[in-house]
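Below, each chain spelled out in residue letters.
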Amino acid sequence: MTVTRSELIERITDAQQGIQVRDVELAVKMLVEHMAQAVTQSERIEIRGFGSFELHYRPPRRARNPKTGEQVALEGKYAVHFKPGKELREKVNEQLAEIR
Amino acid sequence: MGHSLTKLEMAEKLQQDLGFSRKESKDLVDCFFEEIIAALENGEPVKISGFGNFELRDKSSRPGRNPKTGEEFDIEARRVVTFKAGRKLRDRIDAYQR
Chain B
37 MTVTRSELIE
47 RITDAQQGIQ
57 VRDVELAVKM
67 LVEHMAQAVT
77 QSERIEIRGF
87 GSFELHYRPP
97 RRARNPKTGE
107 QVALEGKYAV
117 HFKPGKELRE
127 KVNEQLAEIR
Chain P
1021 MGHSLTKLEM
1031 AEKLQQDLGF
1041 SRKESKDLVD
1051 CFFEEIIAAL
1061 ENGEPVKISG
1071 FGNFELRDKS
1081 SRPGRNPKTG
1091 EEFDIEARRV
1101 VTFKAGRKLR
1111 DRIDAYQR
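Taken in order, these protein sequences are the chains called B and P.
Position one of the first sequence corresponds to residue 37 (our numbering), numbered consecutively onward.
Position one of the second sequence corresponds to residue 1021 (our numbering), numbered consecutively onward.
Check before you lean on any hint, since a few could be wrong.
Unchecked claim - With a straight-line Cα cutoff of 25 Å, these simulated DSS-like cross-link-like pairs (lysine-lysine) come out: (1) K1108/P <-> K113/B; (2) K127/B <-> K1108/P; (3) K1046/P <-> K65/B; (4) K1027/P <-> K1046/P; (5) K113/B <-> K1104/P; (6) K1033/P <-> K65/B; (7) K1104/P <-> K1079/P.
No lab work stands behind these hints: they were computed from the structure.
I would like the entire structure built from these sequences, with the hints used as guidance.
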C-alpha cells in the first residue's frame, strides 16, 4: 500500500505528541517546498542516513520513435538523482531478508 | 561541489518561518525522514506530491566478479529504493534551468 503525503502527515502527527495535525501539515508543506526549491536551483540535498538528491545533466541525444522508426532530436535536460543512504539501504534490505 | 541543504537548515527554516520551537523543528524534520524510512522498510512506496515518488524494486541475484582479483561470486538478491521526481518538480526544474 502506498503512503501518500496526507498519510505521512498523519503518521508524523501520531509520533509527535503535542503538535496539532494542522501544524504538521504546514511543516511538511514547508519542508517539501524547501527541498524542491533547493534541487531546482541545483543545490544538493544531503540527509544523513536517508540519502542525497542532486541534479544531473542529461546531454542532448538522438532517439528513435519505436512505433514509426522516425529519428527525433531530444534536448538536453536535468534529472533529479537520488542516492539512498546507508541506513535506508540496509533497512530496506533487512526486510527483504526476513520475507525470504 | 558547493553548498548542500541539510536537516539543520530545514529545521531552522521551520523555526524562523512557522514559529516552532528549536526542539519541535528538529523533531519534525527528523520524524519526516524517519517515517519515510519506516514506510519503505515496511515495503510501502511513498508518494510526496510536489516532490516525487520513492519506489521499491526487488533485484534478483546475478553472477558478479571482483574486478581486481577476477574472482567470481553471486551478487545476492536485494531490494533497492528508487526515486522519481514528480511531474510538478520536473516542470519546475525545466522552467528554471532553461
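Tested hints:
1. K1108/P <-> K113/B: Answer holds: K1108/P to K113/B is near 15 Å, not above 25 Å.
2. K127/B <-> K1108/P: This hinted pair is violated, its Cα atoms lying about 29 Å apart.
3. K1046/P <-> K65/B: Status holds; Cα separation ~15 Å.
4. K1027/P <-> K1046/P: At roughly 8 Å apart (the allowed maximum being 25 Å), K1046/P and K1027/P satisfy the hint.
5. K113/B <-> K1104/P: 15 Å, holds
6. K1033/P <-> K65/B: Satisfied, since the Cα-Cα distance of roughly 12 Å is no more than 25 Å.
7. K1104/P <-> K1079/P: Within the cut-off at roughly 18 Å; holds.
The structure shown violates just one earlier hint, number 2.
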